[in-house]
Amino acid sequence: MSAPAAVLTTVTRPGRRDAADPASRFAGLHRLLRLALRRDRITLPAWILGITGLMAAFTAMCVSGMHSCTDVIRQTAFFGSSPALRILGVPSGASVGGYTLLRGYLTLAVLAALMSIMAVVRHTRQGEETGRAELVGAAVVGRHSALGAALVVTATADVLLAGLVGLAMMVNGQPVAGSLAAGIAVGGVGLVFGGVAAVTAQLSSSTRSAIGLATAVLGIACLLSGLGNMLGTVTDGGLQVHSAWPAWASPVGWGEQIRPFGDTIWWPVVLFAALFAGLAGLAGILESQRDGGRGLIAERRGRAEAGRWLPGLSGLALRLQRGSLLGWAIGMLGFGVVFGAISGQIRGAQGAALQWYTRMGGSDHIVAAYLTSMLEMAGMGVALYVVQSLLRIRSEEAQGHLESLLATGTSRHRWALSHLLSTLLGATVLMLVFAVSMGLAAGPVLGVPAHLLGELIPAGLVQLAGIAVIGGAVLAVTALTPRWATPLSWVACVSFIVLGPLFGASLGLPGWAQDISPFTHLPKAPAVAVSYLPIVAMVGAALALTGAGLGWFRRRSLSLPA
Amino acid sequence: METVIELAGVVKSFGRSRALDHLDLTVRCGEVHGFLGPNGAGKTTTIRVLLGLLRRDGGEARLLGGDPWRDAAALHRRLAYVPGEVNLWPNLTGGEVIDLLGALRGGLDRARRSQLVERFELDPTKRCRAYSKGNRQKVALVAALAADVELYLLDEPSSGLDPLVAATFQDVVRERRQAGKTILLSSHILSEVEALCDRLTIIRAGRAVESGTFAELRHLTRTTVSVETARPIGSIAGLPGVHGLSLDGSRAQFGVDPGGLNGVLQHLVGCGVQSLTSSQPTLEEIFMRHYEDGAAVPAAAGALVASR
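Chains as they are written, first to last, in the working numbering: chain V, 1 to 562; chain H, 1 to 308.
Calculated directly from the structure, the hints in this document are not laboratory data.
Keep in mind that this is a model prediction, so the values were computed, not measured.
Idealized CB from N, CA, C, for every residue including glycine.
Do not take every clue at face value.
Facing chain V, from chain H, some residues (calculated, C-beta under 8 Å) [as the list claims (entries may be wrong)]: (1) A72; (2) R177; (3) A237.
Label pairs and their in silico Cβ distance ranges [to be verified]: (4) V/W552 / H/E150: 38 to 48 Å; (5) V/Y532 / H/G9: 27 to 37 Å; (6) V/L282 / H/G66: 57 to 67 Å; (7) H/E292 / V/R39: 47 to 57 Å; (8) V/H413 / H/R16: 47 to 57 Å; (9) V/L49 / H/D109: 25 to 35 Å; (10) H/D57 / V/A139: 40 to 50 Å.
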């Protein structure tokens, strides 16, 4: 009976064996790489081309909008001298390319980061959550192969993106070195957030929270760079800004500190690469520490019975959007406080910025116009939340949860309406959070605290009429064509935003195109008194879309998983 | 007897492929009705049509006296469902899902809920993403069986359950039946079907190929006869209903269609029977015959003509 003893002596610690054979940890990498490329053959090129196209459009817009050197100097100086606008970018001398980046860099960097976050999570945590990783991992595949493939594919996409964004500026006649630096600034942020997502994918056990966590880090990075720019020292009448230290604590800030088209410095490129390598290594170490399919953040036990709030459809819908609503509320609170606190400085606005605010805010009174345009921007942000949250009705159907729900005494109408109403309730909360926090922060600065809240709260709620139209549109599209619901909803929402008052007039779009957006028609409160006709019309449109959606939904078969 | 489910000539197509091809199905009140067929035969599609999740393209459908598409929500208060593929919200606990589905159905029996949680040995505090396949199945089972309803639609309910829990499941189904409830049970586990079901329907390629009690099904299928005779049985192969004769000296083995049995016995008596065994086909053999590709669709209603 010596067999058990022999077995015992051959047991080695799995961690050691793992460490002894580094090559096996990446076994099958090239096959997984090809799988990842095959799966992403549409998605990643669409992202890359989309971001590149946006950069080309931004550049062309600025090239055609600037008629003389004076234009460039005046616009840049205005931008640099406004702390609020410096949240979006930091000027480094007057140039068309530099001004393009002031206006567009943050958007492009955020998009590049989102592209990378989603790509990395798609090939790591999502596979584990769906059980695909188990199937793959049972083959001759190393512990880190999936992560390695995800990072290689994402890094390749970001390098391509950097080159193409640079090219997009070059074809619009911008200097080669500056264009390349701009491309690197965008692609570098994407690269770093690919690394961030690699780490969050190890921490959390679900796809949704891995993406959420990485996006939260992105939000903090944007705030840090914005804060650094806001607190920076202004020279040359606003043409040059020396950012404060928080800008250097953020990868988004590094992209700006490269200062393409100014006195370009190249060494922050090393920061991008080093941080990416560090995060990738950290993700690898974390991956060796955890069990497959689990996250490092342990799952807590939950309630054995449903609480008072859960039973019922609206309870479920609210529960499902709880995490993201909380994140959004924190974001709206932060932006509300910042935009409110700087409202006093807007009085000094002149030139193009004055024009922009007065046009968007619909008033010559600059402070009222500023507050109005901030509310409009918040409304458009909340519209994004509404699309994200309401597309649950699509994912609930696609994932098959709906099958169990509709097998109870629940009708399709009640289920769809519960999601629509709880989403609009969430949107109301977000607008209130923004209006109240902006009002509370702006009150002391402007010296009219009590009065201000009374104006901003109803003005914020006015935005809900436009938001409701988008909610109705998502419901209608999901009912009509479930397969295309997600892309169509996003396209509709983004076009409404682009055609709306934030961009529409600046882009010089024709009036009929701007009229397509519900945001164009909303009363510009509090700068202008609220007229009820447009609100009634918007609510009517939202109701019509909802009604049509419910009708279509009643008539079609569900598209459930097999 | 009152019928709870009545499908007549139901057609459902997905694009060009026809999932249900004039399907007939009758489930009577108070019975456990087995619903069998090979993978892809259309069982889940049938149940989803019954739930009003899919819209039928043709045919008649009655469920609990109503139209499953038009009256979906009202009818669902009187039934409970266990889906074939249990998909649950990953961030809700099993206990929360049970209560949620119960509340949406109009309330569940608290006492039976806690009793079932205990009998199925389910930990209701875990989040659904942490459950194994069998445990997810238990959540769906408790959610459905804790409901006090007239009809239970169970789509492969015991897949992934361990044998002990599967036995518990069978006990619970029997209790529900004794309480006068109707159960439609789709399953691939033949022992379970044999143990629980009063009647069954076998479907293939979207059509019902057989329906009835086990006795009726057996009656309709061929009997296998092994016989040892003093004299050669000679021309028996020529008798009507005799198939697959194999001779080994004085022993012979062959299959006989139900209608041919009397003639065969008369013939055998003349040959000096020394020993004779006749065996009814096992349930498994009946199924295999239906599942196999060569199996013919019945020529006349109810009659099985298998040509092997």
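Output the indices of the hints that this structure fails to meet, ascending. Hint check: 2, 3, 4, 5, 7, 8 and 9 fail, others pass.
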